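Participant: If you read the sequences in order, they're chains A and B.
Heads up, the first sequence is in UniProt numbering, so the first residue is 1 and it goes up one at a time.
Heads up, the second sequence is in UniProt numbering, so the first residue is 1 and it goes up one at a time.
Among the hints, erroneous ones may be present.
[What the hints assert, rightly or not] One-sided excerpt, in silico: chain B residues whose CB lies under 8 Å from chain A: (1) 102; (2) 138; (3) 274; (4) 286.
Worth flagging that the hints you see were computed from the coordinates, not collected in a lab.
Just so it is clear, the structure is predicted and the values come from calculations on it, not from any experiment.
Heads up, the beta-carbon is just placed ideally off N, CA and C, and yes, glycines get one too.
Read off the chains here:
Number of protein chains: 2
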Amino acid sequence: MRATFMYGAGDVRVENVPDSVVKLPTDALVRVTASCICGSDLWPYGSLSPADGPARMGHEFIGVVEDTGSQVTTVKRGDLVVAPFAISDNTCAFCREGLHTSCAHPQAGFWDGEPEEGGQAEAVRVPLADGTLVKLPVAPDSALIPSLLTLSDVFGTGYHAAVAAGVNERTRVTVIGDGAVGLLAVLSARRLGAEQIILMGRHPARTGLGREFGATDVVSARGEEGIAQVRELTGGHGTHAVLEAVGTMSAYEQALGIVRPGGVISRVGVPQYEEAPIGFGSLFRHNLRLAGGPAPVRAYIEELMPDILDGTLEPGKVFDATTDLDGVPAGYQDMADRKSLKVLIQP
Amino acid sequence: MRATFMYGAGDVRVENVPDSVVKLPTDALVRVTASCICGSDLWPYGSLSPADGPARMGHEFIGVVEDTGSQVTTVKRGDLVVAPFAISDNTCAFCREGLHTSCAHPQAGFWDGEPEEGGQAEAVRVPLADGTLVKLPVAPDSALIPSLLTLSDVFGTGYHAAVAAGVNERTRVTVIGDGAVGLLAVLSARRLGAEQIILMGRHPARTGLGREFGATDVVSARGEEGIAQVRELTGGHGTHAVLEAVGTMSAYEQALGIVRPGGVISRVGVPQYEEAPIGFGSLFRHNLRLAGGPAPVRAYIEELMPDILDGTLEPGKVFDATTDLDGVPAGYQDMADRKSLKVLIQP
Numbered sequence: 001m002r003a004t005f006m007y008g009a010g011d012v013r014v015e016n017v018p019d020s021v022v023k024l025p026t027d028a029l030v031r032v033t034a035s036c037i038c039g040s041d042l043w044p045y046g047s048l049s050p051a052d053g054p055a056r057m058g059h060e061f062i063g064v065v066e067d068t069g070s071q072v073t074t075v076k077r078g079d080l081v082v083a084p085f086a087i088s089d090n091t092c093a094f095c096r097e098g099l100h101t102s103c104a105h106p107q108a109g110f111w112d113g114e115p116e117e118g119g120q121a122e123a124v125r126v127p128l129a130d131g132t133l134v135k136l137p138v139a140p141d142s143a144l145i146p147s148l149l150t151l152s153d154v155f156g157t158g159y160h161a162a163v164a165a166g167v168n169e170r171t172r173v174t175v176i177g178d179g180a181v182g183l184l185a186v187l188s189a190r191r192l193g194a195e196q197i198i199l200m201g202r203h204p205a206r207t208g209l210g211r212e213f214g215a216t217d218v219v220s221a222r223g224e225e226g227i228a229q230v231r232e233l234t235g236g237h238g239t240h241a242v243l244e245a246v247g248t249m250s251a252y253e254q255a256l257g258i259v260r261p262g263g264v265i266s267r268v269g270v271p272q273y274e275e276a277p278i279g280f281g282s283l284f285r286h287n288l289r290l291a292g293g294p295a296p297v298r299a300y301i302e303e304l305m306p307d308i309l310d311g312t313l314e315p316g317k318v319f320d321a322t323t324d325l326d327g328v329p330a331g332y333q334d335m336a337d338r339k340s341l342k343v344l345i346q347p
Numbered sequence: 001m002r003a004t005f006m007y008g009a010g011d012v013r014v015e016n017v018p019d020s021v022v023k024l025p026t027d028a029l030v031r032v033t034a035s036c037i038c039g040s041d042l043w044p045y046g047s048l049s050p051a052d053g054p055a056r057m058g059h060e061f062i063g064v065v066e067d068t069g070s071q072v073t074t075v076k077r078g079d080l081v082v083a084p085f086a087i088s089d090n091t092c093a094f095c096r097e098g099l100h101t102s103c104a105h106p107q108a109g110f111w112d113g114e115p116e117e118g119g120q121a122e123a124v125r126v127p128l129a130d131g132t133l134v135k136l137p138v139a140p141d142s143a144l145i146p147s148l149l150t151l152s153d154v155f156g157t158g159y160h161a162a163v164a165a166g167v168n169e170r171t172r173v174t175v176i177g178d179g180a181v182g183l184l185a186v187l188s189a190r191r192l193g194a195e196q197i198i199l200m201g202r203h204p205a206r207t208g209l210g211r212e213f214g215a216t217d218v219v220s221a222r223g224e225e226g227i228a229q230v231r232e233l234t235g236g237h238g239t240h241a242v243l244e245a246v247g248t249m250s251a252y253e254q255a256l257g258i259v260r261p262g263g264v265i266s267r268v269g270v271p272q273y274e275e276a277p278i279g280f281g282s283l284f285r286h287n288l289r290l291a292g293g294p295a296p297v298r299a300y301i302e303e304l305m306p307d308i309l310d311g312t313l314e315p316g317k318v319f320d321a322t323t324d325l326d327g328v329p330a331g332y333q334d335m336a337d338r339k340s341l342k343v344l345i346q347p
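Hey, can you work out the whole structure from these sequences and the hints?
Facilitator: Here it is in structure tokens:
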């Protein structure tokens with residue numbers, strides 16, 4: 001079978017590998033029918049040292065169950081399933097609290113903990129299949145597949161940003177970042193009833209989709225000028241919630257500038273810094289809160305799927321390009337160049 | 001009249017100053033009957049440069065209203081009142097949300113914004129008297145005065161730590177620090193129903209009072225050993241809430257080590273660092289949250305006072321020494337030496 005590897009920054013290759021097979025009684029083998037490239041894949045695409053490669057790529061996919069281990073009971077051969085970007089047992093104390101990304105099972109974790117598997121491939125061995133996979137009630141060629149695929153990561157991640165920030169009908173929200181996560185954070189804030197949603201982004205096609213998803217205002221300026229414009233839109237005080245969907249220190253500093261006293265900065269994605277200001281001169285003085293983390297998307301699938309199935313929400317609009325496996329390396333480059341917002345892969 | 005000044009580290013003096021008087025129509029003049037030294041006063045006591053002094057000291061007091069400006073309506077001459085450590089109008093959007101420490105009124109702020117006033121004195125001009133002062137239904141010599149005085153800062157601050165952490169009946173809590181704020185954070189967590197309250201502190205008399213206030217466990221070890229002991233007490237996972245009542249980087253790092261995935265570190269007092277780890281390797285990976293700030297104690301006075309008046313709670317037990325104004329300099333030194341937990345002043 002064929003699978004995607006990253007050998008180093010800017011160096012993605014699709015190669016032949018041994019077929020994935022069921023190894024443990026809790027595994028399922030899934031033949032991938034739809035996958036995609038994640039914004040988080042762009043961090044190593046910009047910086048991976050060849051000494052740290054090659055890395056098997058892909059952590060978002062939909063596919064058909066082809067085989068199951070003897071203990072798997074919730075999915076069976078022929079089922080169409082979606083896989084979250086984190087493997088979990090869905091039964092431990094953390095999963096029961098909806099924090100599947102902190103699942104206590106020894107086999108739980110992110111896909112990079114499975115160096116011989118990845119979603120940007122023809123097939124994947126899925127550990128803890130009962131906990132991880134969720135059956136989809138549509139056919140593999142349904143027009144809903146792009147939207148359902150977003151349940152594996154990008155929609156759940158945007159939704160987590162809004163949930164972790166406690167967004168509700170009384171909340172003014174700023175979303176920093178017009179990438180796919182940022183746009184779906186807008187859609188999520190709208191779904192949760194936010195009264196004002198300011199999208200900070202400068203790519204017109206993307207901010208246009210952001211308005212379609214529910215942004216009430218768009219601010220294209222960054223830094224001090226962007227902060228001033230958000231404050232002007234909010235009576236001088238900033239917004240209760242800032243959903244930070246970029247991951248850089250400058251985005252964090254921008255968040256500090258526009259969050260309202262008593263408000264919350266909610267971070268998703270993969271922050272590219274470890275230390276940051278949180279003392280009296282930044283977070284502390286006005287009781288600003290910090291929330292967020294890797295999204296427990298498994299916890300949101302049942303909640304969000306009905307809105308996709310009945311057509312209420314179309315998060316799949318973030319996909320603006322489709323390719324087969326051969327086109328994956330070019331897809332990475334197009335996303336890095338911001339020519340493509342998010343690339344869907346049909347292996 | 002006499003008032004307390006800090007001239008530099010270790011140098012506190014009580015001096016004669018011009019009598020405080022009402023200046024603005026919204027002011028009240030309060031004759032102080034009970035005041036105290038705050039743990040936060042010990043930070044400058046350890047580090048104040050003489051070039052930055054002298055500073056008028058004291059931000060917690062009870063007293064009798066002696067005069068009022070023409071616009072003051074909620075208190076009158078002869079009333080016994082308590083003053084929170086922040087001046088606020090109690091009517092702006094932030095005050096209505098219970099965030100009095102971010103009051104939008106131009107005269108609002110901390111007492112260090114009033115360089116000619118301070119609570120460790122015979123009298124204080126109180127700005128925004130209607131918003132700031134709260135009438136007490138007892139006499140100045142009531143046995144309840146020490147407990148009622150804690151409403152001006154230390155009890156409200158401990159309570160804020162627990163409230164900001166969302167402590168409830170299903171919460172396991174660790175309190176870091178056996179100072180007066182830490183001990184009253186224990187009392188607050190108990191009041192909010194926490195099922196387990198681990199107090200980290202090594203001063204036997206203080207941890208004894210912590211047990212009386214509701215601590216279910218005491219851990220005297222610090223650092224890695226302390227973290228290991230808390231984990232042992234909590235099935236390996238740490239506690240949902242960590243109330244950080246010390247303010248040092250080592251206390252923050254200790255908090256990171258004992259907070260449960262998905263849990264919250266709630267900080268009160270005055271953090272002595274600005275930058276700290278909050279990235280994937282610390283807060284982010286397990287969706288840890290950060291909360292807290294200067295406590296809006298004004299918001300909690302009406303809620304907490306009944307429990308003091310009916311004898312349910314005795315937060316005044318944190319006072320283990322009493323002095324007149326002459327004894328204030330020695331009181332600072334005793335608190336710095338950890339000989340006294342908290343010193344009450346009867347001017």
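Participant: Hint by hint, which ones does this structure get wrong, listed from lowest number up?
Facilitator: Hint 2 alone not satisfied by this model.
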